[in-house]
Every structure is written in structure tokens, then in C-alpha cells.
Amino acid sequence: MSFRFRLYNDINYKSVFRDVVCGECSGTLDDDSLTTWVEDGETFYYLGKTYMRNAFGESDQPLVTSNDNTGSAGAHNSTKYFPNNSNMVIAGFAYDGQSSPSTGVALRSIYVGGELKTPDINKGGDGLQLKFSIYGYTMEVRGVEMVIFSVDELSPDQSTYAATVCGISKNALEKAAPPRYGEDSEANEDGGYGTGEGGDGDGTTDAPSENAMPLGSGIHAYKINFAAYNEISSKLWGDDENIFNALWYKFVNYKFNPIAGVINCIRLPDQFAPTATGSANIRMAGIILTGTTGVPLANGGGQYKTHTFSISISKYYADFRDFSGATRCVLHLPFCGAIELSPSAVIGRTLTVIYCCDCLTGNVSARVQISAYPNGLPYQGTGNTGGYIAQGTGNCAYSVPICGNDNGMGDKLATLKTFATGISDAVAASASGGATGTGDAAAVGIGTLVDYKLARYTTSVVGSLGGGVANVSDLACRLVIERDVPSKPKDYGTLRGWMLNTSGTVGNYAGYSVFSAVNLQTGGASDEEKTEIENLLYGGVWV
Amino acid sequence: MSFTVYFYNYNGNARQIGKTLGSSLASTTIDRNFSDIDSVNPVLRIAYNATVEGCNMATMGGKTYFITSTAKAAGGQLIVSMHVDVLTTYATGILASPCVCERNSAQSDVYLPDAAAKNYSYHIVDEYTLKDGGYNQFTYNTELLILMTAG
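In the order they appear, the protein sequences are chains X and L.
Using numbering that gives the first Met the number 0, the letters of the first sequence correspond one by one to residues 0 to 542.
Using numbering that gives the first Met the number 0, the letters of the second sequence correspond one by one to residues 0 to 150.
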């Protein structure tokens, strides 16, 4: 089985550092960490190697050392897997070389926010079981398993961070039911957490299949850099330093007009760089610009690219005002505008925005996904699974023009033709004895030579510089939450009571109470008195 | 038949169910049947008693009453007007009555909207930037152009 947990990069666990998806006996965290599951004869042990990148002034230093993990069964006594001052450290280690582990088998340390947590340890018949709850999950470690993961603080300038490691074997994480209202919950204190999954629950980005456009035959698309862009323009202007090349391109531009083959040229955000690889000469209108290359997107991995942003939003008031009209949420999506979201879709959940870009056009969709089951809320019914809740669309590209020039070749050739015709006519007239005709024809020829000098240049431009306001807009996904500021009269609850809406008998509600329904058991009271009693109970009494 | 009226000075909340009145400060006997008087809003004519004039509650015939007013009358008498305190008279039955409690000062469900809560006219505005583990925003730093051609 695989599981997912979420790592946070600030001390309040509000900013998602990275989603980590782990499979059995392995963990992955992009290329920033390394986990190793070691089987050494009969002894299973774990060497979790956590690498830090420029954190604590060091580079690529393992946080986790093997210590004495190499002993025989029951002798795994590592105690310092992580520095205790880490923002969040959880380190668990369990070893079961026997059916009923006895000595030397213990959870070494669980630190959450620097605070040592005590797990529920059960040495049952299935081996050692460690069970503890964090962020709405119950983490269980049984038998020959262990889990270690660590999160350290992102530096304020976000230039450095400590990497994270995870390792877990069979049991992984079980999603715990959200705590009922009134129960202690870490999530109540620390904010909301989610699975990061929604909709179909697989956590995938649901990107379109690659290259829906049939590239490589009639239509070509290339990822090019600025040097290639300049080369294209040079060749379409025919100003190659090599005179023959220049003449050739001028001829080509006139004869074949390759610029007519340019559909568009756009600049995209770095995050949408197609992953296609390879190199090919650029082709347009049947002309191959030899030596000017780009990465053909027809190679695959080209047309669509996704990029994901996410955040977890904690409860602010931790009461009804987080979800009522007292809280208003607007999600600003670069290129796509703003979307107003229900506070119930935001507060206590993890919000993920998955952009999908069509790299051929710059069209983007931004799909807003929320996690399921906000923690710390009493509702435990069915539904509430989260998933995709909104979408925005827009365009992230700005157009870059492609310019070409035929150097007036068309007019020049026409002029030369006229000149040649004049000379030819003069020669013909001379041969027939018409002196006057000779003079006229010569005049025509000279005139066309003058026209040759004045021949028009024909410049073509495809595209224009611009295209929306993509690159000058705010390029970050921002969630703006506006909240009411409550007026808090002293002793409000004592004097007015808090909202409750539960049933019982009047005697169950000591203190000031307001009742909305009552079945009076006051035998002997007259109707007039019962009416008065009801009115008093509905208006508020002291029990 | 007769019944006795006991007078008290109670300083607690008038809306308290089952008031504890303490010791009576004065008493008097009425030479009538209790069932013959208006048990909800009785008006008694008793001999003037300055202590009674300063009392605010009374009990008689197994019921508890608010003294709503007192007035001196001719002949050295005091007219005492009362209204039954149903919350104390029927306290046992009320406390045992099934009910839905809408508000309570000791228990709460904080996620139920409270229409009585008041807010200031100004607001808190917070901005949160969604993270992507990198720049946390889109960038146009690299030389990335997409050229699309035909033919």
C-alpha cells in the first residue's frame, strides 16, 4: 500500500513543504533525500539518511546515523536520530525479532514541535505496536517496521531548507476519524491538515494525455531559447554575415515566404517548460532553417505541463465564525482571475491548485482541489470527501513576434524584368530601323533601373509583443481571507449563554439557559402558570 | 381554616429556578381557605408590619410569590399584592421536564452560529501565499519560448 503525508515548512505547520508519497518499505522525496531499507541477514534495520541542503550551515550532511543499529535482535538502541530542536521530528523505531519482543524494543523518540510525545505502546502477539496520532492520522508501527521523518524549518529567506526523510514499512498510515468536538485535538491547536487528496482520491493531477495535437507532420512545435529565436529572425531578414547565405535567405524569403509558416511564438512561465528532449532543425512553410534548432515537442512530453501550489489553512476563531458569513475567502489565481470560495471549503483543509498548461497556446486551467474531513470538527457523517471544487481558466503566454523581410526581392525582380524587356524592345526596334523606337525603349530601361533602386522592401511580422497581462500580473496563488472582528462583551457566555442546541431535561443545564422547546412535567400548575413557565424558559432562566 | 404567609427578602436572580429564600423575616396568618383566594395574583390585607413592607417574596399554601407592591391602608392595614413565582413553585417539575436547550452558559457547541454575536464594522484581512516548494509563484526567468509552425 502507499500512503501520503504532508510535510510543513513552518513551525505552525501551515505551509506545505512537500507532499510525500511513500510505498512499502521505501520513501521518496524527490531528489533531496535518500531512504534505505536494509536487510542484514536475520536482522532488519533501517538506515534513514536524511540529507540537508544548506541547512545549519552544512551541505549534504546526514541527520540520521546508524548508531548501533547493527547489533543483533533486540539491540537497536539508537536514541538520537534527529536534533530535538527541529520544528517537527518524529522518529520511531521498532524491531521485532521475536513473536513477543521484550527487551531492547522501544520507540526511541517522538518529538512534535520539539515536544516529546508518549506513544501508546503495545507489545502484543503481533509484535511491538506503536501507535500515536498526529495531524489527524493515526500512525501505527508494528513488528519489523519503523518510521522516521523529520521536518526542519525553511529559512526565512527560503534559500535554505532541511530535507526530509521518511521510511516506513508495511502498515503505513491509517486515516483516523476526525475528533469530535470537545475532544483534544492537535489539529485544533496546530491548524488544519488534510490528505492532499480529493476527487477520485488518487491525488493525481489528471493532466490531459500528451500531445493531443498531432505534431511533427503538418504542424511543428519547438521549445527554443533566445539564441534560436534571434537566428530565426536573422534568417528571415536575410542578414546573414555570409553574403551568399544572406542572398539565399532573401531569395528563400521571396520565393517561399517561410514566415507564412509561423503560427505563433509565445513565452511561457518557467514552470511550464515542456519536458521534451532532443534537437531538430526548425522547419517552417516547408523550409528547413538549417543550423537553427529547437526541441521538437513531437518527441513527447511536450504539449501539457502541470504545476501545483498548495496550502493548509488553520481555523482562526475555532468556532462558527470560521465557517459563517464572518469569514470570506477569495482565491487569486494567476492568469485566471479570482474565485470566491466557501469558508467550509478552505478552513481546516488543505487547498491545492493544479495548473495545467497547454504549451502550444499558453491556455491554462487552474483546478482547485480540497482535502477531505477538516480536523477538529464534530461532523463525522458520510460525504465531505473534498475533491475538485472550482476551476479557473486563462492564458499564461505572451506573444513574441517573428519578423522577416524579403529585401524587396519581388519588386526588384519585376523591375529587372521590365528593364530587360525595354532593352529587348530597343534591340528589336533597332533591327527594324526605327531609331525613335530605340530611344524610347532605352528610356524605359533606364527608368526601370531607377525604380530598381526604389524598389519596396516587404516586411512581414507574425505575432505581436504582448498578450494579456500575464507577465506583469501577480504570479503567486494567493488566498485572501477577510474576517470579521468580533466584539466581545465581558461575561457574554455567562449572561447570554453559548449556543448549544442539545436535548435533555432542564435540570441538565446548570447556569443560564435558554430553551427552545420544553415538555413541562409540572402537575398541578394551571394553564396560565404553564404558559408563564414556558415563556420564562424560552426567554432565559437560571438553573 | 386558615393559612400562614411567610415573608422573605430575596436578593438573587428573579429568573432562578428553585430559589433559596432563607429564613422568613415575618409571618402572618390569614383566616381564610387558601383555595378561596386567587392563587396566581393574590392580594392580601394584613395588619401593618414595617418588616413586611421591606420584603419582596412570600410563601403560602405551598407556593412561592413575588411581592409586586405594598400599600398602607386605612385602619393600620397593609395591602400586599403578589404574583406567583412559577419557577420556584414548580421547580421540581420544571427541572425534570424534557427540553431542547438552545443556549447555556456552561456548555456550548461553538460551531453553531450565534445570531446574537456582534462584530465591528472593520475586518481582518490576511493573505496566504500558496506554496510549490520553489519560488512559490510563476516565473519568467528562463529562456523558454515555444515556436509553432506549419508546413
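Calculated from the structure, these hints are not laboratory results.
Any given hint could turn out to be false.
[As the list claims (entries may be wrong)] Which stretches of chain L does chain X cover? Using the computed rule of at least three CB atoms under 8 Å from a CB of chain X, they are:
| id | segment |
| --- | --- |
| 1 | 1-7 |
| 2 | 39-45 |
| 3 | 49-58 |
| 4 | 65-77 |
| 5 | 98-106 |
| 6 | 121-132 |
Please read these numbers as outputs of a predicted model, since none were measured by experiment.
For glycine and all other residues, C-beta sits at the position ideal for the given N, C-alpha and C.
So, going through the hints one by one against the coordinates:
Look at the segment 1-7 of chain L against chain X: 0 of its residues bring a Cβ nearer than 8 Å to a Cβ of that chain, fewer than three, so the hint is violated. With a cut-off of 8 Å between beta carbons, the segment 39-45 of chain L has 1 residues touching chain X; three or more are needed, and the interface restraint is violated. Given as covered by chain X, the segment 49-58 of chain L fails the check, having 0 residues with a CB less than 8 Å from a CB of that chain where 3 are the minimum. Judged by the Cβ-Cβ criterion of 8 Å, the segment 65-77 of chain L is not covered by chain X as claimed, because only 0 of its residues qualify and three are needed.
With 9 residues bearing a CB less than 8 Å from a CB of chain X, the segment 98-106 of chain L meets the requirement of three and the coverage assertion stands. Interface restraint, the segment 121-132 of chain L with chain X: holds (12 residues with C-beta to C-beta distance below 8 Å; minimum three).
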